[in-house]
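A.B. asks: Kindly produce the complete structure, drawing on both the sequences and the hints.
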Amino acid sequence: MGKVGQRERLTQQRVVKFFQSELGYRYLGNWEDRAQNQNVEQDILTGWLASQGYSTALINRALRQLDTAAALGEGKKLYYANKGVYSLLRYGVKDKEGAGHHNETVWLIDWQNPEANDFAIAEEVSIKGENKKRPDIVLYVNGIALGVIELKRSSISVSEGIRQNLDNQKKDFIRNFFTTQQLVMAGNDSQGLRYGTIETPEKYYLEWKEEVANPYEHKLDF
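Numbering (my numbering), first residue to last: 107 to 328.
Heads up, some of the hints might be wrong.
Claimed, not checked - Below are the DSS-like pairs computed for lysine-lysine, each with C-alpha atoms no more than 25 Å apart in a straight line: (1) Lys239 x Lys189; (2) Lys123 x Lys315; (3) Lys183 x Lys234; (4) Lys234 x Lys277; (5) Lys189 x Lys202; (6) Lys276 x Lys183; (7) Lys182 x Lys276.
As the list claims (entries may be wrong) - Ranges between beta-carbon positions, derived for each pair: (8) Asp139 x Ala205: 42 to 48 Å; (9) Glu203 x Ser157: 17 to 23 Å; (10) Asn166 x Ser261: 46 to 52 Å; (11) Gln126 x Asn219: 20 to 26 Å; (12) Asn219 x Tyr133: 18 to 24 Å; (13) Ala205 x Asn237: 42 to 48 Å; (14) Thr162 x Ser265: 43 to 49 Å; (15) Leu289 x Asn136: 20 to 26 Å; (16) Ser263 x Lys239: 18 to 24 Å.
For the record, the hints were derived by calculation from the structure and aren't laboratory data.
Just so it is clear, CB atoms sit at the ideal spot from N, CA and C, and this is done for glycine as well.
C.D. replies: Structure follows, in structure tokens:
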């Protein structure tokens, strides 16, 4: 790895450490060589839902609804798939165990008790699509990928990371991976962090602002 790659790697390591030590995220690992990485990690989500007391039958039905919402088949646009997933995340999945049972709501995220959710982070997440891509950092809540971050060294503009995110959302790359994403981010040490949602044009990405004691401190220099 060259000096450029080493500098980007050090920034990435700091960000991962920050999410672990300051925000309590669970580290899933470097997933560069892990097979079948998905935007819905069903084993993690199934385990979390089971820990919340949902039956196997209800969990399976909820997963099917989520898979259907996140699918991009038959010409469905990314915007509408993402909107459908958001609705299930925010308002829960309505279904029943079987004939004769009443509808229940399966909450994919515990909004009432945020600390009860499983917050996790993975790096170098290889995703297969029309062409294989590897986002630097992916943030998961209960196994559902909700945030992606592209990092650049300080001498490379954040715009490069933003454009990389936009390219990844194209049909030629890993568009399917973005059907669950709620925050799409790019950053470096000199310019800090910029964020948008899926398909946000580059010029509309916003600067992540926080109240800090030293306003000149680099946002990623944790």
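A.B. asks: Asparagine 166 and serine 261, beta-carbon distance inside 46 to 52 Å?
C.D. replies: holds, 49 Å
A.B. asks: Can the restraint linking lysine 276 and lysine 183 be considered satisfied, given a maximum Cα separation of 25 Å?
C.D. replies: Holds. Lysine 276 to lysine 183 sits at ~11 Å (cutoff 25 Å).
A.B. asks: Indicate whether the distance between the beta carbons of alanine 205 and asparagine 237 respects the range 42 to 48 Å.
C.D. replies: holds, 45 Å
A.B. asks: At the C-beta level, are leucine 289 and asparagine 136 separated by a distance inside 20 to 26 Å?
C.D. replies: Once the Cβ atoms are compared, 21 Å apart, the range 20 to 26 Å for asparagine 136 and leucine 289 holds.
A.B. asks: Compare the distance between the alpha carbons of lysine 239 and lysine 189 with 25 Å, and conclude whether the hinted pair is satisfied.
C.D. replies: holds, 23 Å
A.B. asks: Holds or violated: lysine 123 with lysine 315, Cα cutoff 25 Å?
C.D. replies: holds, 20 Å
A.B. asks: Assess, step by step, whether the Cα of lysine 182 is no farther than 25 Å from the Cα of lysine 276, and give holds or violated.
C.D. replies: holds, 13 Å
A.B. asks: Taking the Cβ atom of aspartate 139 and the Cβ atom of alanine 205, is their distance within the range 42 to 48 Å?
C.D. replies: holds, 45 Å
A.B. asks: Is the hinted range of 18 to 24 Å satisfied by the C-beta distance from serine 263 to lysine 239?
C.D. replies: holds, 20 Å
A.B. asks: Would the hint linking lysine 183 and lysine 234 be met if the CA-CA limit is 25 Å?
C.D. replies: holds, 19 Å
A.B. asks: Is lysine 189 within 25 Å of lysine 202, Cα to Cα?
C.D. replies: holds, 23 Å
A.B. asks: Given a hint of 18 to 24 Å, does the C-beta separation of asparagine 219 and tyrosine 133 actually sit inside it?
C.D. replies: holds, 22 Å
Hint check: no violations occur; every hint is consistent with the structure.
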